[in-house]
Amino acid sequence: MTKGEVESLQQADNWDWERTTRREGGQSQRVVVSVSLAKQDFERIAEYARSTGMKTSEFIREAALDHLPKPERTVEFALPVTAAGGLVVRRDHDDLDRTAVA
5 MTKGEVESLQ
15 QADNWDWERT
25 TRREGGQSQR
35 VVVSVSLAKQ
45 DFERIAEYAR
55 STGMKTSEFI
65 REAALDHLPK
75 PERTVEFALP
85 VTAAGGLVVR
95 RDHDDLDRTA
105 VA
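Just so you know, we're using the working numbering here: the sequence shown kicks off at 5 and counts up by one.
Hints are computed from structural coordinates only; laboratory data are not their basis.
From the three backbone atoms N, C-alpha and C, an ideal C-beta is built for every residue, glycine too.
Hints are not guaranteed to be accurate.
[What the hints assert, rightly or not] Below are the EDC-like pairs computed for lysine to aspartate or glutamate, each with C-alpha atoms no more than 20 Å apart in a straight line:
hint	residue 1	residue 2
1	Lys59	Glu47
2	Lys43	Glu62
3	Lys59	Asp70
4	Lys59	Asp45
5	Lys7	Asp17
[To be verified] With beta-carbon atoms standing in for the labels, derived distance ranges:
hint	residue 1	residue 2	range
6	Glu47	Thr6	28 to 38 Å
7	Gln15	His71	19 to 29 Å
8	Ser32	Ser12	28 to 38 Å
9	Val37	Pro75	14 to 24 Å
10	Thr6	Ser55	29 to 39 Å
Can you build the whole structure from these sequences, using the hints too?
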């Protein structure tokens, strides 16, 4: 596509308003964040990301998410095993804790 064709498509007067198509957005909402980095820092990050087979944005996203604390979620339920006791199963993050109770 030539520069002139691109410029023509960017002018609202050239848009076909009579045959528009409504499309639903993607399933997940995303936000684009602008981050200021020194050129040398960006080059180091981009090179490291490439060396691991990742896109720079993917590497930055994963590095930031890896530094967040794990969400505080605990799921607990009890199962009767015998008339004398039961089993409590507690799921907390990636750990599974089984505790027998009487």
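Violated constraints from the hint list, given by number and in increasing order: Hint check: 7 fails alone, others pass.
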